[in-house]
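Assemble the complex: chain A is given as a structure, and chain B must be docked to it using the hints.
Going down the list, the protein sequences come from chains A and B.
So the first sequence is numbered by this note's numbering: it starts at 1157 and just counts up by one.
So the second sequence is numbered by this note's numbering: it starts at 1157 and just counts up by one.
Each hint should be verified, as a subset may be incorrect.
Heads up, the list lumps identical chains together, so a pair's fine if it works in one copy or across two of them.
[Stated by the list, open to error] Cross-link-like lysine to any residue pairs, in silico, SDA-like; alpha carbons within 20 Å at most:
id	residue 1	residue 2
1	Lys-1250	Val-1186
2	Lys-1296	Ser-1247
3	Lys-1250	Asp-1225
4	Lys-1227	Phe-1201
Keep in mind the hints are simulated off the structure, nothing from the lab.
Computed from a predicted structure; not experimentally measured.
2 protein chains.
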Amino acid sequence: MKHKITDASFKIIDLSRTLSSDISTFQQGVSPEISLAHTIEKEGFNETKILLYSHNGTHIDAPYHVLKDGKSLDKLGLDYFMGDSFCIDVSNVKNNLIEIENLISFKDDIKKSDFLLLYTGRAKFWKTAKYFDPYPVFSKDAAQFLGDFSLKGIGIDAYSFDAIDANALPVHNVFLKKNIILIENLCNLKKLINSHFIFCCFPLKFENADGSPTRAVAII
Amino acid sequence: MKHKITDASFKIIDLSRTLSSDISTFQQGVSPEISLAHTIEKEGFNETKILLYSHNGTHIDAPYHVLKDGKSLDKLGLDYFMGDSFCIDVSNVKNNLIEIENLISFKDDIKKSDFLLLYTGRAKFWKTAKYFDPYPVFSKDAAQFLGDFSLKGIGIDAYSFDAIDANALPVHNVFLKKNIILIENLCNLKKLINSHFIFCCFPLKFENADGSPTRAVAII
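Here chain A stands alone, though its shape is the one from the complex:
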């Protein structure tokens, strides 16, 4: 019989943001609203009303987010949301552009992985205006290069995979067309740089999910 997980050498690291009305959102009118609907005093139990948008906080983008005929999260098998992962540091790339040369030396690590996570150094600006200042994004060549690995998903601890002023989300398109899901607004990636671990980002289950908030974790 196997030992209990927590008795063994497993450790779970939380890579997710707390959902609240003041989280970083660039669009207007899509902030979460979380409030008590029932209370122990009145009804005998606490219950919370949770209003979210599918791309709030730490969340997954499905192909259906930008592609009319793209798959929604509910059409992907659950094994799409868990797998071996590797994290790289892109915080110091020139001109905030991640090029093939920033990826090539990690080729073997990426090959062995289902997910690649990107440490951008921008997570510390969460909930401030600076979170929307330029952050590292892939060049078109680098996105194509990475898209040719057999990744299930790519995660980033910044606001988006496209620049805030990008037209038509070109990087999203490269990856989502290849059914590579995108996880945005991660945190706590620094301690994972250059290491292999299990990444897990199960979505909420609803039909035609163009995206979903997720409790993303690393299991090491």
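Coordinates of chain B only, in the frame set by chain A:
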């Protein structure tokens, strides 16, 4: 280097209900509302507005659900939501009452487990009035007996751990006072009966979470 999870013998089973406006809820006025807020046609991307209550669908009850000074889910470490698990069949217990005698022969299996899941045979009535007909619940003695194991949580594929007409949620109280979290409205448990597996039920991350919808899964 470890193989990719999905290349190895791992398999993920979905134990969660799809969230929609017609899911089974006994209370009035707490149904989810899920609608498109933005579309590819209009804004260039799909985005969904998700209104949920913390005890909708497949969800976790925190001690703070019924105990004023009880812990909320955000106060529990993430390792509280994953662990070795065992599933028992309680679908044929007499008078829908789970007694110590129904548990005692699984003593060693429960001892090795972080979670115990209960197959009630009632999951097939989901979204029908029969889902609220009497379903198996613990006798007070059985709840006390089970509460003395070192479980993190107990899950059930029925509406609640207390009878629909129970006063003051006595079974909830026994477990939640011991910081044993409760997972309700699971599904797909039949194939897990009498087997050991990893159970995983990460909650949404928000403050003072009395409960949370979760994408509960079994990893075998």
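Going down the list of hints, with the structure as the test:
Taking identical chains as interchangeable, the C-alpha atoms of Lys-1250 and Val-1186 are never at most 20 Å apart, the minima being 32 Å within one chain and 50 Å between chains. Proximity of Lys-1296 to Ser-1247 under the C-alpha cut-off of 20 Å is restricted to the intra-copy arrangement: shortest distance 18 Å within a copy versus 56 Å between copies. Neither within a single protomer nor between protomers do Lys-1250 and Asp-1225 lie at most 20 Å apart by alpha-carbon distance, with minima of 35 Å and 51 Å respectively. With identical chains, the CA atoms of Lys-1227 and Phe-1201 are at most 20 Å apart between copies only, with a shortest distance of 13 Å across copies and 39 Å within one.
Comparing the model with each earlier hint shows violations of hints 1 and 3; every other hint is respected.
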